[in-house]
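Trainee: One-letter residues, chain by chain:
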Amino acid sequence: APVAPAEMEESTGADSMMGGTLRIALPADVTSLDLHKTSRGDDALVVGQWFNATLITQNSDGEYIPYLAESWEFSDDGLMWTFHLRDDVKFHNGDPVTAHDFVWTYERALDPDLASPGTGRRLAGMTFEAPDDYTVVFHFPTPAISLLQFLNWGYMAPMSQRAVEELGAEYELNPVGTGPYKVVEVRPGEGVTLERWDEYNWGPEFFEGANTGPYNFDSVEFRILPEEATRIAALESGDIDYVNGISNPLDVAILEAAGVTVQQAPYGQVRMIYLQNHVPPFDDVRVRQALNYAVNREEITQIVTDGADQLSRGPISPGMLGYDPEIEEECGYHFDLDRAKELMQEAGYTYGDDGMLITPDGEPFSLTLIGEPVDSGTAYMEVLQSMWRELGLDIAIESTEPSLLYPRLTERDYEMGYGRRGGWTSYDYLYAIYHSSTGRDLPGSMRSAVDDPITDALLEKNRAMASDHPDLQGSINELYCHIAEQSYSVWISDGVFRPSIGPRVQGVVAGPAFAGRPVYFSNAYIAPEDR
Amino acid sequence: MSEVTKEVLLEVRDLKKYFPIRRGLFRRQVGEIKAVDGVSFDIYQGETLGLVGESGGGKSTTGWTIIRDLEPTAGSVRFQGQDLSILAHGEMRRMRRHIQMIFQDPYASLNPRMTVGSIVSEPLEVHKIGTSDQRRARVQELLEIVGLNPGFINRYPHEFSGGQRQRIGIARALATNPTFVVADEPISALDVSIQAQVVNLLWDLKHEFGLTYLFIAHDLSMVRYISDRVAVMYLGRVVEMGSTEDVYRSSLHPYTQALVSAIPVADPEVEMTRQPIILEGDVPNPANPPSGCHFHPRCVHATEICLQDDPEFRNLGQDAEHWVACHHAEQVQGQTFGN
Amino acid sequence: MAHLLEVRDLVTRFYTEDGAVHAVNGISYTLDEGESLGIVGESGSGKTVGVLSLMGLIPDPPGRVERGEVFFADNDLLKLSADQLRDIRGREIAMIFQDPMTSLNPVLTVGYQIAEIMRPHLNLSQEEITERTVELMELVGIPNAASRRKDFPHQFSGGQRQRIMIAMSLACNPSVLIADEPTTALDVTIQAQIIDLVKRLSEQFGMATIWITHDLGVVAGLVNRVIVMYAGFIVESASVLDLYKKTSHPYTLGLLQSLPSLHATIATDRLIPIEGAPPDLLQAPVHCPFAPRCQFAVDQCWQENPPLQRVASNHDSACWRWQDVRAATEQLA
Amino acid sequence: MLVYTLRRLLLIFPTLLGVSLVIFAILALAPGDPLAAVVSEEYGNTAEDIERIREQLHLNDPLHVQYLNFLWDAMRGDLGTSFRGGSSVLNDILARLPSTIQLAIAGLIATMLLGISAGVLAALYRGGLPDKLTMVFAFVGVSIPSVYAALLLLLIFAVELRWFKVVGDEGLKSLVLPAAAMALIPAGVLARLTRASMLEVMEEDYVRTARAKGIRESLVTFMHIFRNALIPIVTYLGLLAGSLLSGQVFVENVFGRPGLGRFLVDSISARDYPQIRGGILFVAAGYVFVNLIVDLLYGVIDPRITYE
Amino acid sequence: MSRTKPQAARGGTAASEGIEIAPAAGDWLVASRSPVRRAALRFFRDPLAVTGLLIMALIILITLIAPRLFSWEEIINVSNATKLQPPSAAYPFGTDNLGRDQLGRVIWGGRESLRAGYLVVLIGLGGGTILGLISGFAGGWVDNLIQRCVDVLLAIPGILLALSVVGALGPGLVQVMLAVGLANIPDYTRLIRGSVLEAKENEYVRAARVLGAGNGRIMFRHILPNVIGPILVYATLGLGIAIMITAGLSYLGLGAQPPSPEWGAMLNLGREFMRHAWWMPVFPGLAIVIAVLSINLIGDGLQDAINPKLRK
Ligand SMILES: Nc1ncnc2c1ncn2[C@@H]1O[C@H](COP(=O)(O)OP(=O)(O)OP(=O)(O)O)[C@@H](O)[C@H]1O
Ligand SMILES: Nc1ncnc2c1ncn2[C@@H]1O[C@H](COP(=O)(O)OP(=O)(O)OP(=O)(O)O)[C@@H](O)[C@H]1O
Ligand SMILES: [Mg+2]
Ligand SMILES: [Mg+2]
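Residue numbers (the working numbering), protein chains in the order written: chain R, 1 to 531; chain B, 532 to 870; chain S, 871 to 1203; chain Y, 1204 to 1511; chain V, 1512 to 1823.
Be aware that a few hints might be false.
Calculated pairs, DSSO-like style, for lysine-lysine (alpha carbon to alpha carbon, straight line, at most 30 Å) [what the hints assert, rightly or not]:
#1 R:K90 x V:K1594
#2 S:K949 x S:K1020
#3 B:K737 x B:K659
#4 S:K1020 x B:K547
#5 S:K1069 x S:K1115
#6 S:K1116 x S:K1069
Everything labelled a hint here was simulated from the structure, so no lab data went into it.
Please work from the sequences and hints to get the whole structure.
Mentor: Right, here's the structure in full:
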């Protein structure tokens, strides 16, 4: 029987949302799609948002909401977390997802033979159990409720034991997840193709009216385009629909002229200078403060980012959970060269005829600043060099690639380090760099070598508080002012993240800065005429 | 030429040089050209041995092999009693001061990037003879000797005509006052007046310094004029050898006879009446030489035996040695042409 | 005007850093069908440059044909376009170059190099060309031609290379063959064969030849008329017989005297070369170029360069004292 | 020659052995820590973590043990797994090989077309307009880094004119821009090299002989001048063919092509030793092979060249 | 007319002396010129080569006096107010993304870049020439050995080589240039060897051997001048490439460090701004083009000068 016109229209209306291919540009090769073999941020885009689902996630207001877990609770001492799972979730291979899968997955990540560099490390010290098929319990050595956000991290998704064991080495080319799309093809060096998984119906309510069923695009195509200019050109020409970030603010205008929507949000991408707090000259708080005072943050962000980046006057910047503009105004640093010079003189430094500082030992005051050249790093270092020259400090820059930098950091073979860290979306990052347990002797990342009981106590107190704890903000502010005063680092700015969406794609919803998920695609679609 | 006091300077024994023939993409060897195929002779101190013969007969190759620029396939060369083929590289190099060569090809054998001065003084530099001023003077002297304007020392070979280049090559070969010179067609590119100059020069040097020559040439009248003895080559072998007079006047080998009869004479009247023997038959292929006597397909005297047996190289001379490789030398001798 | 080839007042110079080399200084001669013209002379006297000039093959720079006309089939070769000249080169006027090693391309097989000349000029199929190549190689006495056609120049002896050049030049049955010392590297039997071959072709097809050589024996046996060159000038031009018997230029006389007499050996009588050094072509000649070496030179010779003048029918000489020279010749004989 | 070829082919093995030794030596000398790329920046690595990972990656084994293990595995066709993602190095390379070779061939063809024709023209009209134009083209070519060339081509032909897609598979068409970008520098070099090499032979006597034959000037140019000028050209093209396998990181980056060049550079900057070793071994095999072909070609180009 | 014989001995009569027009000076002048001087003469008569030489001299001069033209402060001081200004009277080359005067940076940049470029090319050319000559000339196992080493070296990426040289000899610009130069050697070796294989078959090589010349002499005096032409051209083009490569290594942290300007580094940086500030890549790029151009003109001039057959 012929279909009534009204019905037809409706059905085409519904169908018209479905279809098309979303093309996404990735800046670097996908290292691995095995969740435990990498933790790179670039891969996370594929891993987290598209083919995996996590226990919890964050909505567009930044609140934690259920995803694979329907609900969860913390023990009173904060050492035990319990998650109650949905019972209708399936892996892409059709197997149901149970609590045992979670436990198996996390224990795999902790397996020393696997030596998982990312996930495993985050889970270090924890134990897991599955009292029943749909309950997962985490045990912590110390209270760390603020770590809840990690569970929104794509690498914490469950893996199918059967698939991993059956496929062996082939698994990473055919990973099995629980997200809205499944991987159909991995082309090393070139890209990844995903296909909609029609059984997906456990989508979270990211925002009001969010689609919780299957997504609209028939497939998602990731293309690796290492050159930023190419990504921009591809957006411009319409050959790519989505790019996760545009670094040069000048390019925004070009893209907008081509109909591309460029969102700009602070990102928790902290730029700062790490100081070796335990050795001269940085064992003197006045020197550290002088450095912070001598940085003209307005000027530096103007020069390097045309003023697009948010300033970081202290340890917590605008893109982070726990940021409070008032406390920043009160305890943060404002450019004050005279004050900086005073501080230096108080610390026993003098000025020579050429306006340059002389150390108390009578030597010219010169320091080395090391850092990576990526992402305007060199520009920041050069501007700082120029600014601190005004203070009378002579800086030599050593800008080197990461693998050359790393051993020097490990050996502490540097005085000051320029760092830029993406994805530090919460005040909790302070623990990682200023808590004494992260110790001055530990190898690895840039550290500040702080060993201060007051700082430790404040950090631990914050860590044990749940996000809805009423005293949380006050406690964070206390921490902020203490660290700012101690001036452990020189904080500069918080980068802006610019997800850019091509004109073919409709219905994209912006996410919160600190959700690690800049935009939501659950309702997005490609208009039929553009497919 | 008093035989008793003859001192052997160079002794060539059963010298062979085969060139591989290669074909195809991988240049597979499909055969060999026996360019020199068992040549033996002595050259005496202070004499000039003329080497004549068929073009392509292996004269240059013999020369090259003697001075060891080509490694012989077999055989030995002794110079002043010393076996050259066992000399170490450095020793051979020092030896070259005494053994020099004038090249057949006056174009290719001069480095186009070097001036005449540096070409001619090179042997002196190499063997560290004289100071740079002395060398310069010597070069000027040599250029004059060979009839070149000494003002040319800074010119490059391509600025010269063929004969002028040949003279540069001669000057180079004579620079070190060598003992023995392989002269491969040294005068064929020169005009007769210069030929006369050069021949006189070679003679003077020989006279004064006891220089010894292996004189390879096609100009039989010049060979006759300058040589003490002559060897005739045909298809990689010496077919006749003896004193110049004997070889020219009473040739024992039919090929020599044909050669001698074909010498053009610089007199139009004589030329009009001269009747050279025109050799019949195909020129043989050195890759696949005829059986028996190599010359038999073109020889009017050939008989059955010539098809089968290699003729022995025998001495038929009476007071002077006169070697020939022909089964019928005795008959042939009677029918000497000659002019 | 019935001449096949007529060269008028050809002047060629090389402009080098040291100044202009006056290689050819106004030479004129003619060549008729079937005729055989010999050019002899001092080495470096401009024989090669003279013929290269008329073929348009002088490297420019540094060389330049300054003046002159070369008529061939009513065309001035020096004024023809490159295309027109191309039709004549190889087809109508073929040349054998003096040096067979450098004149053959070392990286191409000799067969190819012979075949190449036929392609533009003769309307032959590939097989026919190959056939003719082999035939030509055999004609000049290269054994086993069918197989050696595929060899490269360096695999041939000097004489063989020269024969390949000869084969090449004969490939298109040219009307004029210019042979620059074609037989110097050949043994006399082959030389005789080649000369025979060329003679036959002349008779058969009316091919005219210009034969540059130092071998006065070859000149005597082969050519009808001889031009003697010295320092870029034609100093004498005569029929063969006249040249040898009625020599009218002291340079020619010198040449003839330089030859070894028939049965002489060096031990008994020494050759008599022409005294003195060859001329310096950098200097523009003002007097007779041979004067510095001339036994006959008088004041006039130092003041004026003698023009080529008729001394007998078909006999020209550029000497003020040609009569004395001739007298001396006759006296010698 | 056949023997020579076989011997040369056999030499691939000692050469690769040499390569592997040199890589090990170089990697041992090269500063930088593979852990930097393995361990990411953020949180609490303990010293034990680091140690465990080092142990896991066999970075603590003595060098000769690492080398022998590598050799033993390599002989069985196993090039190990990446430090970073754990992927099979052999698979990683094989996956990139087709695209790399495609682009290399396209680049080589583009280089030859552009470079040789420009060089021949420049030599023939030495000092004239074509010569000057080639010269300018060559200088601009070698002075513009290929990444600019690639970007400019992309912006002009893909973004402005829309003749090509910026990304996306268009079959052979998608090779055009990358090949052109890749060819720019080498074509400039090749043009100059061709010119210089041709100038060396243009005055040779056999060229005069060829002219005297009355053959077309184009034949003179190609059979007599160009053919005799081929040796440096072929040598350069051989070098180029090898470098196109691994040296095209910028072009690969700009056009988003999976190539060995980017693979190598990425793995070097991450000090991903297994990937570096595997990648270089492949590239070395490529060079050995290409250079063998070039050496054999020498013999074809100039029959006087033999290797005995 | 044998003017080279002052006494005009043989053919000359008293009369001949009388009409010698000019003194014999001309020929003796010719005779007094050595081949090197003749080549030099030819070189200096070539207007293009002289232009190249003059430009290069000028560039070097300017870079030498750079500190007098622009102070170091001017080169490194950043300012938002002057950021990304197009070329103007005040800033003929415009300003860069940090507001620094590009003219000053280009001038200062030549110091590092040219030094690096030349050193790299010289190492590559020198090493490659010697190895290539030996390899091609000796043939046999020597050739095989050298060529297989070349294969190895070719396969090792330049960055890695540079890293390991720095690892072995410590960091520093000279080490990096050494490494890049080293990485260049195989190219030159192959190029030279190819030509040597061909050139050594020439008869004049044979002639030299026969007259007793040693291998070194044959290689350097006879073969090298006949094969160097194309390689010279390659080397002069290599200057630009060397400048870019050393800049790439600076980026890794191996070479010159910011804010010290370098043409290659400036050009690299300019890429980010090529759609917004054309002058950022264009001026350093132009500097490289001009340097390469002038060195090439010199190279061409040299090639012509040592090739006596080629005349303009
Ligand atoms: N490219 C050149 N540059 C300068 N001078 C040259 C050049 N080519 C030839 N000459 C000069 O021109 C003159 C005539 O040379 P040509 O080759 O015609 O002599 P030729 O008579 O053929 O001598 P030969 O019999 O020795 O071959 C010579 O003096 C020579 O030096
Ligand atoms: N490199 C080579 N490869 C192959 N065959 C060669 C080689 N060199 C010479 N031949 C051959 O060896 C034979 C002898 O050559 P050679 O040059 O010794 O002759 P020749 O007597 O000097 O002749 P000519 O008088 O013509 O110079 C010839 O048939 C020649 O083709
Ligand atoms: Mg010979
Ligand atoms: Mg000549």
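Trainee: Now tell me if each hint is right for this structure.
Mentor: Status of the hints after comparison with the structure:
1. R:K90 x V:K1594: At roughly 56 Å apart (the allowed maximum being 30 Å), K1594 of chain V and K90 of chain R break the hint.
2. S:K949 x S:K1020: With a Cα-Cα distance of about 38 Å, the restraint between K949 of chain S and K1020 of chain S is violated, given a limit of 30 Å.
3. B:K737 x B:K659: holds, 23 Å
4. S:K1020 x B:K547: holds, 25 Å
5. S:K1069 x S:K1115: Holds, at roughly 24 Å.
6. S:K1116 x S:K1069: The hint holds at about 25 Å.
Violation of the numbered hints given earlier is confined to hints 1, 2; the remaining hints are satisfied by the structure.
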